[in-house]
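Colleague: Chain residues, written in single-letter form:
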Amino acid sequence: GAGVSQSPSNKVTEKGKDVELRCDPISGHTALYWYRQRLGQGLEFLIYFQGNSAPDKSGLPSDRFSAERTGESVSTLTIQRTQQEDSAVYLCASSTSKGMTQYFGPGTRLTVL
Amino acid sequence: GESVGLHLPTLSVQEGDNSIINCAYSNSASDYFIWYKQESGKGPQFIIDIRSNMDKRQGQRVTVLLNKTVKHLSLQIAATQPGDSAVYFCAEFPSSNTGKLIFGQGTTLQVKP
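Those protein sequences? They're chains E and X, same order as listed. Heads up, the first sequence is in this note's numbering, so the first residue is 1 and it goes up one at a time. Heads up, the second sequence is in this note's numbering, so the first residue is 1 and it goes up one at a time.
Note that these hints are calculated values from the structure, not bench results. It cannot be assumed that every hint is accurate.
Unchecked claim - Straight-line distance between alpha carbons at most 27 angstroms, and here's what the computed DSS-like set of lysine-lysine pairs gives: (1) 15/E with 42/X; (2) 42/X with 17/E; (3) 42/X with 57/E; (4) 15/E with 57/E; (5) 42/X with 112/X; (6) 57/E with 17/E; (7) 11/E with 71/X; (8) 71/X with 56/X; (9) 68/X with 56/X; (10) 11/E with 57/E.
Claimed, not checked - Only some residues are given here: those of chain E computed to face chain X with a beta carbon under 10 angstroms: (11) 6; (12) 8; (13) 40; (14) 48; (15) 54; (16) 88; (17) 91; (18) 98; (19) 105; (20) 111; (21) 113.
To be verified - Pulled a few chain X residues facing chain E out of the computed Cβ check, cut under 8 angstroms: (22) 42; (23) 43; (24) 44; (25) 100; (26) 103; (27) 105; (28) 113.
Backbone N, C-alpha and C define an ideal beta-carbon position, used for all residues, glycine too.
Generate coordinates for the entire structure from the input sequences, incorporating the hints supplied.
Modeller: See the structure below:
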């Protein structure tokens with residue numbers, strides 16, 4: 001079946017602009033996660049959604065970062081007023097429920113000039 | 001704070017040899033661990049997992065060992081192949097009540113033909 005998909009695969013933007021990144025989870029997965037991966041580093045947790053529960057936003061680095069999810073489907077991660085330090089690969093994952101194996105998408109590579 | 005660390009950043013092995021990748025974790029309450037493989041330009045791919053009530057789990061050519069006494073995790077790859085070249089991450093769930101994974105920095109496995 002289809003895995004997690006993300007778009008765009010690459011995004012180049014200018015400092016100060018807003019960007020939106022999209023994630024389509026595996027169908028039927030109630031939990032969805034966003035991570036950030038800087039070059040040569042591990043993954044940093046940003047936020048996760050579980051069904052209709054309030055999202056866990058504890059990993060968002062600043063109020064410039066926000067995310068939404070419509071029901072148990074698509075999620076968008078928005079970064080406002082992008083900074084150069086936001087340059088990274090943003091990875092989305094989904095799982096059948098929280099605490100279960102997470103399956104990752106290919107990521108969106110964000111470059112802020 | 002919580003951390004999952006890997007002992008060696010790069011491991012170089014000869015094709016056909018066995019590989020052992022090590023990981024230390026700091027949260028004794030963690031009860032679920034996952035190994036991921038990440039190839040260049042792709043998202044992490046699930047390899048194998050283990051829960052804290054087990055010491056060992058085997059998959060196809062891979063074995064994960066868990067030593068809860070010293071909080072150590074290892075991934076063994078038998079008969080390493082060039083296609084195994086990638087970055088390997090261990091990840092832990094610090095609590096059964098959370099969905100977020102804590103990732104280590106990763107070990108790069110290089111397989112020499």
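Colleague: Tell me if residue 113/X is really an interface residue toward chain E, meaning its C-beta lies closer than 8 angstroms to one of theirs.
Modeller: violated, 25 angstroms
Colleague: What's the verdict on residue 68/X and residue 56/X, does the C-alpha distance respect the 27 angstroms limit or exceed it?
Modeller: holds, 11 angstroms
Colleague: Is the shortest C-beta separation between residue 43/X and chain E less than 8 angstroms?
Modeller: holds, 4 angstroms
Colleague: Double-check residue 54/E for me: the hint is only fine if its C-beta lies closer than 10 angstroms to a C-beta in chain X.
Modeller: violated, 12 angstroms
Colleague: Verify the interface restraint on residue 100/X: the C-beta must sit less than 8 angstroms from at least one C-beta of chain E.
Modeller: Holds: closest Cβ of chain E sits about 4 angstroms from residue 100/X, inside 8 angstroms.
Colleague: Taking the closest Cβ pair, is residue 6/E under 10 angstroms from chain X?
Modeller: holds, 8 angstroms
Colleague: For residue 71/X and residue 56/X, compute the direct alpha-carbon distance and say whether it is at most 27 angstroms.
Modeller: With a Cα-Cα distance of about 14 angstroms, the restraint between residue 71/X and residue 56/X holds, given a limit of 27 angstroms.
Colleague: Is the interface hint satisfied for residue 42/X? The criterion is a beta-carbon contact with chain E at less than 8 angstroms.
Modeller: Given a least distance of 6 angstroms, the restraint on residue 42/X holds.
Colleague: Just to be careful, I want the Cα atoms of residue 42/X and residue 57/E compared with a cutoff of 27 angstroms; is the pair within it?
Modeller: holds, 25 angstroms
Colleague: Check whether the Cα positions of residue 11/E and residue 57/E lie no farther apart than 27 angstroms.
Modeller: holds, 23 angstroms
Colleague: Given residue 98/E was flagged as interface, is its beta-carbon under 10 angstroms from a beta-carbon of chain X?
Modeller: At about 3 angstroms, which falls below the 10 angstroms cut-off, the nearest Cβ of chain X leaves the hint on residue 98/E intact, so it holds.
Colleague: Against chain E, is residue 105/X within 8 angstroms by beta-carbon distance?
Modeller: holds, 5 angstroms
Checked against the numbered hints above, the structure breaks hints 7, 12, 15, 16, 20, 21 and 28 and satisfies the rest.
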